[in-house]
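Visitor: This is what each chain is made of:
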Amino acid sequence: MINIKKIAAIASCSLVTIAANAAVLPSNQTDSQWFKDSAQLVSDKTQQTAPKKAKNVILFVGDGMGISTLTAARIFEGQQQINNQGGEENLLSFEHFPKTALVKTYNTNQQTPDSAGTMTAIVTGVKSKAGVLSVSDNSLRANCLSSKDNELITLVDLANAKGLSTGVVSTARITHATPAAAYAASPERNWEADSNLPAEAVANECKDIAYQLVMRDEANALSVALGGGRRNFIPSDVTDGENKTGRRDDGVDLTQAWTDNLSNSAYVWDQAGFDAIDVTTTDHLLGLFNSSHMEYEADRADDTAGEPSLTEMTQKSIELLNKNDKGYLLIVESGRIDHAHHAGNAYRAMMDTVELSNAVKAAVATTDPAETLIMVTADHSHVFTIAGYPKRGNPILGLVHNVGGDLAIAKDGKPFTTVGYTNGPGAVVGVRDDLSSVDTKDKDFMQQSLVPMNSETHAGEDITLHATGPGSDLVQGVIEQNVIFHIINQAQTLGGTKY
Amino acid sequence: MQHNTSSKPFSYTSALTMAGTLIALLISSTAAHAVQCESLDSSHLSARYAVSNNLGVTKEITLLRNDQEVIYQHSAQSFELWNTRGEYVRYFPNERRSVSYQNGDLLSLNIHFDFKQLNHLISPKTIASMQQLPSSSNKATDICMTEQQYQGQQQNHSLAITWLDKLALPKLFRVTDKKGSIQYELLEIKALPKSDFIALTSGYRDIDFADVGDNESDPFIAKMIHQGFIQHGSSGFYDSQGKQIQNGESGHQH
Ligand SMILES: [Zn+2]
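Protein chains in written order, with the working numbering: chain Z, 1 to 499; chain L, 1001 to 1254.
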């Protein structure tokens, strides 16, 4: 009876509110589609409730995917859709998620961070310095001895200990900083193969990152590891299927060790092998599709032996991990948004961001929203800007055209692009190129920048965290990056702390 | 890619844009009978060229072939490798460091190269577009040195080539326009065993170009970034359109 009264009170209250609005707001306001859509969105939000405990967690990380990258990529994607109004109205798949937070990314020793320190924060709950993987900042970078007893337990360790299945996917080398922090502890992100280890590291028995991926106890093994970086797993005197040599000096073929050591295991290295994998009979899948990083999405079709897309790798991983009734933890990195930005090439950064959005969409479509927490974040931003006053619908990679449609002209009498970089290889040295007759939308166009540097740099402003599913209510406010660990730890009851 | 050609100490474009009277250089035709033909495999050789312009500025470059890969040495500080997989590697012998560019890295930098052009100094397409002159009495006693003469026009440039068909390399290659000329003259050619080629590129600590941006704390990378090692070399090659190639890149920023 009390509940019914309460509901009645709420209902009458909201009727009063609407009535009051009707009195105050003119119909040209309340009839506006902008008004109606937003009112509906907020109304829907009042109905949102998310359970607190997640059976499964999927964490997507867009390497270098700052907020300007999200904005530009959503417009880029929107402008390729039929019946787009301009592109600006579009949302990437995960921008529809109900919960969002801003994330502070600095490393303990750097205002503008790198991927190693940031991913360490995400997977261990502890911020650390740039360049180190899942070791605390008491460790010196690239010093093995100092890292001893400073190794940190990761989400993967906790999830495996709880009996969940775990997977790591990346379009970068799977031994690259972001994916590596999930499963390896190393004072140096570049120790990807044993040939990268200095004498001090060998003497003090630090293991390379590829070794740490494969040589885990079966109980704490990854069920899925998909990405690039094949060279770090095969001996230097062995040539792979794409005619590239390995980088292991210890003579160990870790792809062989994977299949030897783990039950129901498989190793694949090309699209055909990937497609042929039967997840019902495979419990441990290692896929290494490129000697180094996998191709940019823009170039993927040209790869020698063929590579699966991030979406395909995500789907296959979910199918395999989903066999565990206790649940799973899957970490998926889009690793090359960062590289395209470093090269000052916005087109490829956009394409890889859209592909990440596709992968998230596929994950949402193939999981139960009542039991799976899906989060999307970045490790850090880039000095990528959206500028000028282009008219609505102006091609995001094009030259700025004013609202009247005329070409906007800078003080030097030349046109300029909407997107650009504060620094990088596209820097203007001397007289700025006249872009009047240049197709700035070409996939190989390098955007202009201000400060000349051979490689464009990371940026220090906040990035975003988007969440949907059980536990997503914890995603709110402006948070330190290491809070992401605690959200997963709490939602999935991983037992990492008091929760 | 910025192509600030005025900063290049020696380049095709600057040679052609330099004011001055064209002085046709007289070329010695005694090029380099260093080895006998039977010991020369056109896929495994080293060819040293003098590159000079009409003002008499000369430098040397050496082309090293190993099947599907080719190296250009043009300074003591660095040499460059291209292969048929679309990859490019820049080697720094003093530091024993190298930077590898995968095909996607090159594309993201708007760098495109023509392996055949690099492997033959001149694109076979360019030669095919030129007129072959009737052969004069064959002076060469060695079949490797059997010459064919070609001449043609491309984009307001006159091209003249003395071609060694067996080796698929020019003995002499000259580009001329109304402002000046540049030419490549073969000085020496010798066999290059595969093992020697491999030794030349072994023992280098390599980094992918894609990883340069995340390794600015590496002193070598920091120094090289400061010196502009990626884009600002000077190789002085041509592409099939007769355009200058810097570090294997041709064309210009879109
Ligand atoms: Zn980066």
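It should be emphasised that the hints constitute simulated quantities derived from the structure, not laboratory data.
Treat each hint with caution, since some may be false.
List time: in silico EDC-like cross-link candidates among lysine to aspartate or glutamate, alpha-carbon distance up to 20 Å [as the list claims (entries may be wrong)]:
no., chain 1, residue 1, chain 2, residue 2
1, Z, LYS207, Z, ASP270
2, Z, LYS244, L, ASP1165
3, Z, LYS391, Z, ASP149
4, Z, LYS244, L, GLU1095
5, Z, LYS323, Z, GLU371
6, Z, LYS326, Z, GLU371
7, Z, LYS244, L, GLU1087
8, Z, LYS244, L, ASP1177
Simulated restraints, written as ranges between beta carbons of each label pair [said to hold, decoys possible]:
no., chain 1, residue 1, chain 2, residue 2, range
9, L, GLU1060, Z, ASN261, 50 to 58 Å
10, Z, ILE82, L, GLN1077, 36 to 44 Å
11, Z, ASP237, L, SER1075, 26 to 34 Å
12, L, GLN1077, Z, VAL438, 27 to 35 Å
13, L, ASP1196, Z, ASP275, 41 to 49 Å
We put the CB at the ideal spot given by N, CA and C, even for glycine.
Visitor: So which of the earlier hints does this model not fit?
Guide: 1, 2, 3, 4, 8 and 10
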